[in-house]
Amino acid sequence: MKYFAGRVGFYLLTLWAAITINFFIPRLIPGNPVDSLIAQRRGEIDSNAIKSLDILFGLDKHQSLLSQYWSYLGQLAHGDLGISFQNFPEPVTSVLGSALPWTLGLIGTTTILAFLIGTLLGVFAGWKRGTWVDGLLPVTTFLSSIPYFWLGLIAVTLFTGVDSWLPSSGGYDPGLVPGWDLGFIGNALRHSILPAATIIISSVGGWLLAMRNMMVTVSAEDYITVAHAKGLSDRRVMTKYAARNALLPSVSGFGMALGLVVGGTFLVEYVFSYPGVGLQLLNAISGHDYPLIQGVFLTVTVAVLAANFLADLAYMALDPRTRKEG
Amino acid sequence: MKFHFRLPGVKVMVGLVLLAVFTFLAFFGSALAPYDPSARSNDILQSPSAKHWFGTTHIGQDIFSQILVGTRSVMFVGFFAGILATVIAVVIGVTSGYLSGWAGEAVSTVSNVFIVIPALPLIVIVTNVIPNSGDWAIAMVIGCTGWAWGARLLRAQTLSLRQRDFVQAARANGESTWRIVGVEILPNLTAIIASSFIGTVMFAVMTEIALAFVGVSGISQWNWGEVLFWAQGQQALAIGAWWWFVPAGLCIALLGTSLALINFGIDEIVNPRLRGAGRTTVRTADGRKARMRFGFTPVLTPSADEGGGR
Amino acid sequence: MSSENVMSAQKSASPQNPASPKSPESTTGQGHPVLEIRGLSVDYGVGPQAVRAVNDVHLTLNRGEVLGLAGESGSGKSTLAYGATRLLPPPGVVTGGSVLYHPDDGDPVDLLRMTPGELRAFRWSQLSIVFQGAMNSLNPVATVAAQLTDVIAEHRPKTAKADRMARAAELLALVGIARDRLDSYPHQLSGGMRQRVMIAMALALEPRVVIMDEPTTALDVVMQRQIMRQLAKLKEQLGFSVIFITHDLSLLVEFSDRIAIMYGGRIVEQAPAVELYDNSLHPYSDGLLHSFPALRGPRRELTGIPGSPPDLRDMPAGCAFQPRCPKAFDPCGGSPPPLVRPASDPGRSVACYLHPSA
Amino acid sequence: MTSEVVLEAEALTKHFPVRARGRAALSRGPKVVHAVDDVSLSLRRGRVTALVGESGSGKSTVARLLAQLYPRTGGDIRIGGVSTAVKGGGRHFKAYARRVQMIFQDPFASLNPVHTVRHHLTRALKIHGRYTGEESLDELLGRVQLTPASLYLEKYPHELSGGQRQRVSIARALAADPEALLADEPVSMLDVSIRLGVLNLLRDLKERLDLAVLYITHDIASARYFADETLVMYAGRMVEGGDSETVTQRPAHPYTHLLVHSAPDPERVRGGPAPYDDEDTGEPPSLIDPPSGCRFHPRCPKAMDVCRARVPERTLVGDAPDHWVACWLFDDEGKGEGKGTDAEAADIETTDIETTDIEISDVEAADVEAAAAEAQAPELEGAAP
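Chains as they are written, first to last, in this note's numbering: chain A, 1 to 326; chain B, 1 to 310; chain C, 1 to 358; chain D, 1 to 385.
The hints are simulated quantities; they were obtained by calculation from the structure and are not laboratory data. It should be emphasised that the depicted structure is a prediction, and the values quoted were computed from it without experimental measurement. You can trust all of the hints, since none of them are fake.
Here are some chain B residues pointing at chain C (derived, C-beta under 7 Å):
hint: 1; residue: Val282
hint: 2; residue: Phe296
hint: 3; residue: Pro298
hint: 4; residue: Val299
For glycine and all other residues, C-beta sits at the position ideal for the given N, C-alpha and C.
With these hints in hand, go ahead and build the complete structure from the sequences.
Put into structure tokens, the structure is as follows:
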């Protein structure tokens, strides 16, 4: 379990780093964003909210940086991320709370799907090296070089329109009230088809290539030759021997790459006006809604860390060497 | 790691040619552009024609010129950020790999933290804070955040090189530490440095375009993302002006593909098992085709002879 | 696949009744062949850049014998074994010859003409291989038990799971490993144990031929001897034949019945072990025997062999050993000498112009 | 044994900390690999001293400690009678390296693949200020019988054969004009037919340059052939030493006995069965938690109670000058408790062997620091897009 403990320590460290970055960035912002907000919303803001914003932005110049940092951490510990400027007077947490399920649903699912599909195809492509399958590589390379958002634009042009069944934007039809009824879920699914397809198509290539290269590398290992010498069926050698080993670096790479992947997928939300965290972030940026920006960044980091944790669990289940006793 | 210089394969050649074209455009794009990319004209929202190869915008700007002129910014940010990130990656990766003990561990942990923290949101936030961020500033920000992956690869490789006998032999000979790192280890990392450089360039290009697309970066210079930003902003999709966003997107994809193709070649240097070993199918004496594969060595001419067989 | 009763714990004597290791029959090379390699040639690569690693090799393995195959790196000894079993990785190709396997009953079959399916059925049940470096020949993510049983499940799909596990435990016992190691992963075993697991695995289906490719090179002498003795005992118990590949001639002299020596892709000498040790005919064999120091007895004079082994891409004309040979004379530069039975001693064979055929 | 002592180690000890895999370096109490414990030896001018042992016995670690590539945990290293401790990279290290040079086992790995022979030799000469132009290179290659030099100078390591590469390594070591040469299994990776050439070259150089040579090997037969004096190591400790002929022909320690009788010996085809043949001779112990007392006792057929309790001291055997052994069978104290005498020790082979469960070594090849490093193959890392 040493491996496990080390990973958890690493997550805590990363979380701390993200929080600290979050602490310093607003302190670099020129001017005083809170003042202008207060000026705008004269009299509408209660003193508690102003205090929390002051902590967030370090506006209380009488405090030392260290004590500012402590109050900041204390505030975070209470789950207070400030209030959103744009969605005034809604607190950032509730804005994020309504956006997060959409992002988790869309990006979480598609990332995992893309990984699974890419890895599966990669197993196949690596095993069948030297056949027609190699011809697919340039195609998938091209597809994965296309920016997500541009593919989204193309998808909107090609598949949506007045008479199309597929909607071009949003997470559900404007008339509907979100809820756990079949009609709404169906509607939401219909809205997610295009963005999901966009993400999957443009990210499958990377996983495919990684897995294919690992399969090719592993295929030359002695234990694969032994497996052939044992007269095992091609299928068994491919799955139980080659793919099983080739998967390990892919899984650990999956966790590491999430930080990159998630950033790219945000733009898909933007293109499709999908009501997730990514859209919130971009809107917040254009509206200079600093508390929300910070909140989004923190949330995303936590989500990526959580996903990393899952990938680690998977890795530990797959590699007996991490389960080392003693 | 042996270096056998061989002619690059078809894939790598295609990649290099594409990259050369884009590099050429980066230098001479503005000179070649038929129009001033920002100049308005009366040809509003025209589809591609002999006069405007890629059509025009809602205020009559020539999109072909925008693409040509925009190449420079894309390539500049890509390569400048790539160089910056690679330099940081080499310094951090190689030192943390060569240093033993907690110092190396600490530096490596820092780079892992940088990998896991979602990069794009961070870059978006930072560039947003910097006032009037131009290409330089954006490249700096991308370079300073995009080094971690390369550092991780280089650290792993340095760790394994450090244990190699030739490094130990140089040490035992009394070679100074900086010479060991600079002269004995670094040349052995060339392929990985090149590969991580190309990877970072790709990342930087994509990031810059994404920033321009969402309107975060300054609007001072044309680049492909800028073109897409206007296309998106003016509802190019809704009005069916496909020419507005197709060329820019294709250029991005082509540039990305060219870099990926070059990286294929580098991967084959780093990992010899990925080399295609020339032909993968052989023709046997009786004219059948046999594939070279693990576990079943092809037989070209089994002797037709003497007993046995079937 | 002769025996239906796979699970029998102790097969006191195998049906073909192996000749005792040092019987005259097996040492003369005239016994009952079980594996016959005829005119085998193996290349790396195809077309103009092809390199011939094994050149027109004839070799016969008799029932119940240990045939030692010695040679230095690049001599083609491993390529010969992997080429004959068609396990050579790309870009290796077999360019000609035949590899005949003689079953107990029925006609011989040619491995080089088998389809992949036939090859799969043949492998391990009739012929198994212990690879060099057990470190890498075990699947790192599967338990010892899984790797021992999957081969039984594949070849004898009807065996019940419990029987397979019982057989796996029995196999481990055969090589002196406790059954609680069944659930271990390879990284939890020492180098010696891993190699013994590989040997146990090779015997899982009681094959008639076992090829061993430097099975003890990575091990210490103490472990090496222990494993070699174990092998000799198992061979007597189960009656398989062994092709033993190594660069260590001193080990072969002690443990094999007959020795074939390879140089530059060809067999240069073949003789019963003791005869080869006492009176080697080929200057290369002679050089090899005078290359390793003796541990006991009088300090023998050591001469070694000048020069370095040939580059397969650039082979000398004629006899490949001629540039390093102290006894080279005119004919050596011409064409490579054929492997013949020398007039002086027809019980062995040598490829050298010093020893013309009868 | 009259010649001058060049390099001397006294009670040399090296413990490697065991670090966890991956990033889990934070937790757990400190565990160490007892790679080398209490090793003393001296290298004399014009003599070859062989250090024989199994892999993992710590013999390579001794060489690296003597080369000061690792800092030692305890003990002393004296060069020309002066105690020295230097750290890599510095001026003092360079001065030390000028006097003590090392040859590595793997000639494929010990030369940098991106540099030519010229680079390797020129650097080696320049570090020690002995570069005097082209002729110094010619002379160096001539010493290792690579002539004409022009044929080799511009070659990259992969263009040379194994034997040529090892000769270049030797030339590089000679560039410093050292007094002591530490050869870590210099021929074990070479083809059998060219080993002898390299060993003879080393012997020749020893004689001509009056070098003190430490010859590390697992092949006890080659120690007999090549070395004047032979030391035997087991599980990090020295167990026997003396004149090579005596140690190999009349081994005193039960472990040396096992080693000698396990070595392949073609002469045996004529003789009777080899000893130990029907017994499980066990495996070397884990060096993380080595056996108490004599480290060989779990495998020793003659183990007595005292062997489990206390570490035996060096004792002179008496059949030849300077033939010593660290074994209770030969110790006066031990004789009281046990029954060991010289005569009895000689027919160990007839004794029953007590087999004991041996703990599996947690760390393979414990004498390599690699075990302590983050041991992930680089090609497996970063396989993500």
